[in-house]
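Build the full structure now, drawing on both the sequences and the hints.
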Amino acid sequence: MASDYVFIRKSRNILSSVLHVTLNLLLGVGSIFVTLVSGSWIIGFILVLVSKWRMFAVRRHYLFLNFKSNLVDLIVGFSFVLLAYFSGSELLPVHYFLAAGYAVWLVFVKPKTSEFWTLVQALFSVFLGTAAASILAASTNSILLVVLEFIIGYAAARHVLAQNNNSMHSGYPALLFGLFFAEIALLAHSWLIIYAFTQTGLMLPQLSIILTLLAFLVEKLYSAVEARDGRLKLKDVALPAVFSIAILAIIIIGFSSPIFNV
Numbered sequence: 057m058a059s060d061y062v063f064i065r066k067s068r069n070i071l072s073s074v075l076h077v078t079l080n081l082l083l084g085v086g087s088i089f090v091t092l093v094s095g096s097w098i099i100g101f102i103l104v105l106v107s108k109w110r111m112f113a114v115r116r117h118y119l120f121l122n123f124k125s126n127l128v129d130l131i132v133g134f135s136f137v138l139l140a141y142f143s144g145s146e147l148l149p150v151h152y153f154l155a156a157g158y159a160v161w162l163v164f165v166k167p168k169t170s171e172f173w174t175l176v177q178a179l180f181s182v183f184l185g186t187a188a189a190s191i192l193a194a195s196t197n198s199i200l201l202v203v204l205e206f207i208i209g210y211a212a213a214r215h216v217l218a219q220n221n222n223s224m225h226s227g228y229p230a231l232l233f234g235l236f237f238a239e240i241a242l243l244a245h246s247w248l249i250i251y252a253f254t255q256t257g258l259m260l261p262q263l264s265i266i267l268t269l270l271a272f273l274v275e276k277l278y279s280a281v282e283a284r285d286g287r288l289k290l291k292d293v294a295l296p297a298v299f300s301i302a303i304l305a306i307i308i309i310g311f312s313s314p315i316f317n318v
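Taking the working numbering, the leading residue of the sequence shown gets 57, the next gets one more, and so forth.
If you're looking for bench data, these hints aren't it; they were derived computationally from the structure.
Backbone N, C-alpha and C define an ideal beta-carbon position, used for all residues, glycine too.
Treat the hints loosely; a few may be bogus.
Simulated crosslink set (BS3-like; lysine-lysine; CA at most 25 Å straight-line) [as the list claims (entries may be wrong)]:
no.	residue 1	residue 2
1	Lys168	Lys108
2	Lys108	Lys124
3	Lys166	Lys108
4	Lys168	Lys124
5	Lys168	Lys276
6	Lys166	Lys276
7	Lys166	Lys124
8	Lys276	Lys124
Label pairs and their in silico Cβ distance ranges [what the hints assert, rightly or not]:
no.	residue 1	residue 2	range
9	His117	Ala252	39 to 49 Å
10	Ala252	Lys108	38 to 48 Å
11	Leu71	Gln255	20 to 30 Å
12	His117	Ser198	31 to 41 Å
13	Ala297	Ser170	20 to 30 Å
14	Leu231	Pro149	32 to 42 Å
15	Gln255	Ile199	12 to 22 Å
16	Leu242	Thr78	42 to 52 Å
Quick look at the structure:
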């Protein structure tokens, strides 16, 4: 009897896992191609929100906390949908890339909980969120980009701090990081550079690369300071600092003549 119970439980777990993966794959592929077919981002947004139904299935005073906890996932989901929408109504290679990327996020990246994967998730949200925000704000007032970047920066910082057991101290650093992103967005709005690859439909804003590298560098600096109780030693951050600064210099100096400048 005991062995039968264990077998049934394992079978249910396997079935549940298969069903979970299948639904995530359907969400990842469906949200991109329904945006392509409909020519609207609304249905894609609705699918993302429906997939987060557990976020709303709480008492009212927990709703805002749940929203903040799921903000990185929402940013990634909305960004994939918006990027598919911005790619136009003609089927292009970028749509397959976006569908595959969202599926990989949902199935492999999002469920991870280690410190490494928490950082990867935050950087995903910065890169994709900034890419979508830059294209969205290209023809609008700079205030939109500033507000969106504040939300993206705040969400990424809070995600890393909260997941790494710094939830008691995640508020102010996350707000400061959001303000840091907002300030850079305000300065960058007058010179938004977007690299466009017309054959594939891919559009890559320079700002998304810059902010992702800065987020990576700041996280390494913050972790080094936290590990040494407020002291910073150059050897702890020399490698990521040199890497980030070198890439930033190459991008700004060598690749600031874009295919088109917004």
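Hint check results:
1. Lys168 / Lys108: 17 Å, holds
2. Lys108 / Lys124: Judged against 25 Å, a Cα distance of about 13 Å means the pair holds.
3. Lys166 / Lys108: Within the cut-off at roughly 13 Å; holds.
4. Lys168 / Lys124: Judged against 25 Å, a Cα distance of about 18 Å means the pair holds.
5. Lys168 / Lys276: The given pair, whose Cα atoms are some 20 Å apart, holds under the 25 Å limit.
6. Lys166 / Lys276: It holds: about 21 Å lies between the C-alpha atoms, which stays within 25 Å.
7. Lys166 / Lys124: 15 Å, holds
8. Lys276 / Lys124: 23 Å, holds
9. His117 / Ala252: 39 to 49 Å: 46 Å, holds
10. Ala252 / Lys108: 38 to 48 Å: Given range 38 to 48 Å: violated, Cβ gap about 31 Å.
11. Leu71 / Gln255: 20 to 30 Å: 42 Å, violated
12. His117 / Ser198: 31 to 41 Å: The hint (31 to 41 Å, Cβ to Cβ) holds, given that His117 and Ser198 are roughly 35 Å apart.
13. Ala297 / Ser170: 20 to 30 Å: 23 Å, holds
14. Leu231 / Pro149: 32 to 42 Å: 39 Å, holds
15. Gln255 / Ile199: 12 to 22 Å: For Ile199 against Gln255, whose Cβ atoms are near 34 Å apart, the range 12 to 22 Å is violated.
16. Leu242 / Thr78: 42 to 52 Å: 43 Å, holds
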